[in-house]
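Visitor: These protein sequence lines map, in sequence, to chains P and L. Just add 174 to wherever you are in the first sequence, counting from 1, and you've got this note's numbering. Just add 177 to wherever you are in the second sequence, counting from 1, and you've got this note's numbering.
Keep in mind the hints are simulated off the structure, nothing from the lab. Careful, some of the hints might be misleading.
Unchecked claim - Selected chain P positions facing chain L (in silico; Cβ < 8 Å):
1. ALA210
2. PHE275
3. VAL293
4. MET430
Unchecked claim - Here are the in silico distance ranges between beta carbons for each label pair:
5. ILE249(L) <-> LYS436(P): 17 to 25 Å
6. PHE238(P) <-> THR390(L): 29 to 37 Å
7. GLY184(P) <-> ASP344(L): 38 to 46 Å
8. VAL218(L) <-> LEU364(P): 29 to 37 Å
This one's a predicted model, so the numbers in the text were calculated from it and none came from an experiment. Just so it is clear, CB atoms sit at the ideal spot from N, CA and C, and this is done for glycine as well.
Below are the chains, spelled out letter by letter.
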Amino acid sequence: MTTRSLESRGFVGLRAVLLIVFGLICLAPIVWMVLASFKTNIDIYDPSSTFSFTPTLQNYSAVFAQADFLQFFINSLIIGVGSTGLALLIGVPAAFSMQRFGMAKSSGLVLLSRVIPHVTLLVPWYFIFASLQMVGGYSSLVISHMFISVPLIVWVMIGVFEGVPEELEEAARVDGLTHIGAFRRIVIPLVVPGIATSAILSFIFSWNNFVFALVLSGNSTRTLPVAIFNFIGYASIDWGALMAACVSITAPMIVMALLGQKYVVAGMTAGAVKG
Amino acid sequence: MSAVATGKRGSLWQGLSDWANRHRKWVLAAPAIIFVIALMVVPLLYTLVLSFTDAQGSIQRAFDFVWFENYISILGDTARFWPAVWRTVIFTAVAVTLEMTIGMAVALLLRRPFMGRGLVRVVMLLPLVATPVAVAMMWLLIFEPTVGFANQVLGWLGLPAQGWISDPSTALPTLMLVDVWQWTPMVILILLAGLVGLPEEQQEAARIDGASTWQRFWHVTLPMLKTTVIAALLLRSIDAMKTFDLLYVTKGTGGGSSHEVETLNIYAYALSFDYNEYGMAAALVLIYFLIIVGVLVVLNMRRKENRR
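Just chain P, same shape as in the assembly:
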């Protein structure tokens, strides 16, 4: 209470100006991208129609008229949901065990996979997956995306499990549950928000991932980022359609961030504060 009254008026005004500038810098490029996606290429090339132009949906219809684009959308969805689900299945129990038993070496190993540059693994992965005839299929992409999700989930969930008192499990044991039963029936329901945080974050990272699908996807399993990258393979760029494709791929992420703001923030800051 006292702190607020001590803040001078000048500070409040300066803060407002600085934060408006900051907010505009965050927002302006995205607005520009959205505007361009509704412009004809003639309007994009005309500086006088930066903000005043007749909006058109032709870029979007051009993008979605390509049957492939919908396929790529579905691919990204399948790989995002698949890798997130499987990674939760192995990551959440592992995080629980690591938190309860303090498995420093194992958790260190899992977290090292958060740090390793993916280019280090791509050549061996490519040859391992190729020898198993998995290159170009969904399985290699789901597995590779799980490699991002698992450390992320373990990282988030170790912090979450720290907040669940062990006494709860002991009480459940007294009531006749096994250790694993207590984990499944007592602990898991308590950490649903944490699981939501990990799931949302994991899906975002999978959706946004570029390099794995660049190397491992085939024509029919290509994900959206690779599809968009292939747009600029030609001599002249169709900026309007490209921006429409970029808006289409980013929009689901922005909607997720708006609806699940609490979870996104919790996931991004997990572990950083407590250490």
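Position chain L against the provided structure of chain P, taking the given hints into account.
Guide: Positioned in the frame of chain P, the structure of chain L alone reads:
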């Protein structure tokens, strides 16, 4: 209830369940650990073996062991390797310094509740969650020399147009700014989370003792926030050293016509998938990985020192 139910299912199930519960530490953790060993440890060993060979072209082709030749030729390569190291360092140092500075400033501004704070906190999530490939394309259009918005703004201000990403001399700095745009919000989020946990008493005490705003920040807030600051620094430095999408999408393979944005990551990718120099690439990625682990260890030591 459940004990009765499991009891009925026969002794095999009971025995399995007993075994799983007795060894629950490993039963729960093993799938994830095996996954990471299969996808990281095994490929790293494979890479280590490759790095001692002259494998190239196709991995099926026979190769000879050349031992440390790849390492020697990489460490002696002043045309591609050392410039790539330098670019990685400069990109990371400049981008992360800006991110930390701006991030700290904005986090302090957002520390106390005020009207519109929620809005700012939502808006700054947008760069963070936007798909990096789309972000790269978006900035490619904004920095497009003839039609881009950046040169349009310079025109309004009466300044000469720039080549931005397309000009080899300004490409790397321009892309640093894009990195700052995308990742400063991450730093803000982490620092804000740290600031929220700080006790108010010392602030008040310092205020009553007549400390200025700057003194309060430097002598009271910053020391208490040190662990969080180092955590943010650690996270951002490692990710900045690994920047790939932005650089590869905007400048393509090899980091542009004169390799102007070729960092270690971009160079390693080109060696692996454009030149198919697998032996050389393996040696390079291991050197690259060691550099990253080195940064991790040094920063983590600082972090642990501060926690005590």
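Visitor: Hint validation: PHE275(P) versus chain L, beta carbon distance must be below 8 Å. Holds or violated?
Guide: holds, 5 Å
Visitor: Quick one: are ILE249(L) and LYS436(P) within 17 to 25 Å, going by C-beta?
Guide: violated, 53 Å
Visitor: Is 29 to 37 Å right for how far apart the beta carbons of VAL218(L) and LEU364(P) are?
Guide: holds, 33 Å
Visitor: Would you say the C-beta atoms of GLY184(P) and ASP344(L) sit inside 38 to 46 Å of each other?
Guide: At 41 Å between Cβs, range holds.
Visitor: Against chain L, is MET430(P) within 8 Å by beta-carbon distance?
Guide: Status holds, d = 7 Å.
Visitor: If I claimed the Cβ atoms of PHE238(P) and THR390(L) lie 29 to 37 Å apart, would that claim hold in this structure?
Guide: violated, 53 Å
Visitor: Against chain L, run the beta carbon of VAL293(P) and see if the smallest gap drops under 8 Å.
Guide: At about 5 Å, which falls below the 8 Å cut-off, the nearest Cβ of chain L leaves the hint on VAL293(P) intact, so it holds.
Visitor: So, as I understand it, the hint says ALA210(P) touches chain L; can you test that by seeing if any CB pair is closer than 8 Å?
Guide: Holds. Min distance 6 Å.
Hints 5, 6 from the earlier list are contradicted by this structure; the remaining hints agree with it.
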